[in-house]
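Asks: In this note's numbering, each residue's number is its place in the sequence shown (first place is 1) plus 20.
Be a bit skeptical, because a hint or two may be false.
List of simulated lysine to aspartate or glutamate pairs, DMTMM-like, C-alpha gap at most 20 angstroms [said to hold, decoys possible]:
| no. | residue 1 | residue 2 |
| --- | --- | --- |
| 1 | Lys317 | Glu232 |
| 2 | Lys317 | Asp290 |
| 3 | Lys320 | Asp292 |
| 4 | Lys198 | Asp179 |
| 5 | Lys286 | Asp273 |
| 6 | Lys286 | Asp272 |
| 7 | Lys142 | Glu122 |
| 8 | Lys221 | Glu334 |
Because the hints were derived from the structure by calculation, they are not lab data.
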Amino acid sequence: MSAHARIKLCNETSYVLQAATAYTLGVASKTEGWQVILPGDCVSARAEIPAQAQAFVFAKSDRAHAGEGLVFDGLERFCIGENGKDFVVEGRRECRRRGYVEANFAPVTGRGANLLVTFTEKNNYGKRRAIMAGVQRLLSDLQYDIGVIDGFGGRRTTDAAAAYRLRFQVSGKPEGQKLIAQLIKTARQKAAERGLILCNKTDNLIWAASGELVDEGFNSSGWLRVAPNQCAQAINHDLTDRFYFYYAEAVDDNGQAIIRAGRQRKWSGDFDMCVKNTRFSIIGTQNCRARGYETAKFVKIDTGATSKWLVNLEE
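Kindly generate the complete structure, drawing on both the sequences and the hints.
Replies: Listed below in structure tokens is the structure:
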């Protein structure tokens with residue numbers, strides 16, 4: 021038997037994915053990411069998995085895509101690093117104390133030197149159609165009218181791609197994954213111009229959560245890591261409603277809540293929403309404890325008619 025196993029990660033969705041892999045071997049564990057996987061592409065996970073270890077995987081859609089997008093998770097908790105940045109984490113205890121977010125990973129089935137994980141959607145595009153669906157998804161994220169994202173393309177998709185190349189002066193008429201690579205750069209730039217942005221104006225690390233009204237009811241999500249004197253995007257889509265919500269708390273270098281004058285250093289309001297310790301997206305504000313969650317009091321903000329709103333978290 022091989023001393024190590026390799027995991028091949030294949031993306032058959034219409035989204036650009038950010039993936040992380042992990043393993044446990046006895047009491048030892050390790051997590052590594054992020055790897056970008058284009059629609060229709062396969063990559064080898066960076067981490068080498070010891071032959072007797074249990075492997076796990078977690079993936080989510082890239083921030084180039086508006087909204088929550090896709091999340092592939094499970095029930096095993098590991099530490100993950102900051103969005104879009106390479107990380108390697110030894111151990112999976114006390115993630116937040118060490119400055120990491122907790123996420124739930126799914127087990128990788130199978131044994132042997134080569135393991136395969138394929139990410140799919142309900143539409144079940146397959147590799148070839150996933151490439152076209154990825155082009156359509158990104159064009160749609162950039163507000164081009166491509167009709168239905170079906171992976172087949174057509175006149176609308178062709179016209180939208182031509183309009184995109186002309187507007188952003190893309191030379192050479194790239195197609196397929198080369199076009200996707202161009203679209204990602206543009207979509208990430210546009211992503212910075214929308215949504216709810218939280219800026220940490222303190223010298224401490226801040227963990228934040230956001231809330232908004234969606235079709236099914238109120239939705240709360242977190243945790244967002246906001247480094248000292250930096251900003252982070254809490255909601256990644258145009259703000260089309262009037263009211264949004266946020267909650268945040270500061271921690272010291274040991275990951276402990278900061279207490280000043282007998283009170284926890286946090287930014288809170290009067291609107292109750294559900295939260296939990298690990299990465300979360302929770303629909304509904306009722307019966308939080310009965311559903312296994314905690315309750316936090318969020319600040320309610322009136323954004324008016326703007327598509328982007330910035331909040332300064334100050335001392």
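Asks: All the hints need checking, so say for each whether the structure fits it.
Replies: Comparing the hints with the structure gives:
| no. | hint | verdict |
| --- | --- | --- |
| 1 | Lys317 - Glu232 | 14 angstroms, holds |
| 2 | Lys317 - Asp290 | 5 angstroms, holds |
| 3 | Lys320 - Asp292 | 10 angstroms, holds |
| 4 | Lys198 - Asp179 | 17 angstroms, holds |
| 5 | Lys286 - Asp273 | 16 angstroms, holds |
| 6 | Lys286 - Asp272 | 12 angstroms, holds |
| 7 | Lys142 - Glu122 | 27 angstroms, violated |
| 8 | Lys221 - Glu334 | 5 angstroms, holds |
Checked against the numbered hints given earlier, this structure breaks only hint 7.
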